[in-house]
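Engineer: Sequence:
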Amino acid sequence: MNKLIISAVMALTLIACAKQPTRMTEVVNDAPTANFKVANSAGLELWVDGVSFGALEQYSYPERAVELVPGEHLIEVRRNGQVIYSQRIYFSEATHRTLEI
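Residues -18 to -1, 1 to 83 (mature numbering (1 follows the signal peptide of the UniProt record, and there is no 0)) make up the sequence shown, in order.
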């Protein structure tokens, strides 16, 4: 008798679990982005807020872009440690900018 009750409870539990409603969610990436148009990106390095993001050619227009957090950023392009481009820009959510160097 106990086995029958345990089996019935387990069957009802499994049936209840199988019929739970499902919800689809989608994550939207609305981070602002920027990329760069440069005639010759050889030797150029991207710095954002004092942090190196590596070679500028990684973020060349139109194929690739750097993702940022919303807010104001100091964008610098350096060659051999010397700043050749510097601009403070505000980036809001879901915006994109192409900067010409």
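In short, the hints are calculated from the structure, not lab data.
Note that the Cβ used here is the ideal one computed from N, Cα and C, for glycine as well.
There's no promise every hint is true.
Claimed, not checked - Have a look at the derived ranges for each label pair, beta carbon to beta carbon:
#1 N11 with S34: 22 to 28 Å
#2 I(-13) with V51: 51 to 57 Å
#3 H78 with E39: 14 to 20 Å
#4 I71 with E45: 17 to 23 Å
#5 R79 with A24: 39 to 45 Å
Engineer: Next, verify each hint and record whether it holds.
Structural biologist: Comparing the hints with the structure gives:
Under the hint 22 to 28 Å, the C-beta atoms of N11 and S34, about 23 Å apart, fit the expected range. Under the hint 51 to 57 Å, the C-beta atoms of I(-13) and V51, about 54 Å apart, fit the expected range. For H78 and E39, the Cβ-Cβ distance of about 18 Å falls inside the hinted range of 14 to 20 Å, so the restraint holds. One distance hint, 17 to 23 Å for the beta-carbon pair I71 and E45, holds here, with the actual separation near 21 Å.
Distance hint for R79 and A24: a CB-CB separation of about 23 Å, inconsistent with the stated range 39 to 45 Å.
Violated hint: 5 only; the structure is consistent with all others.
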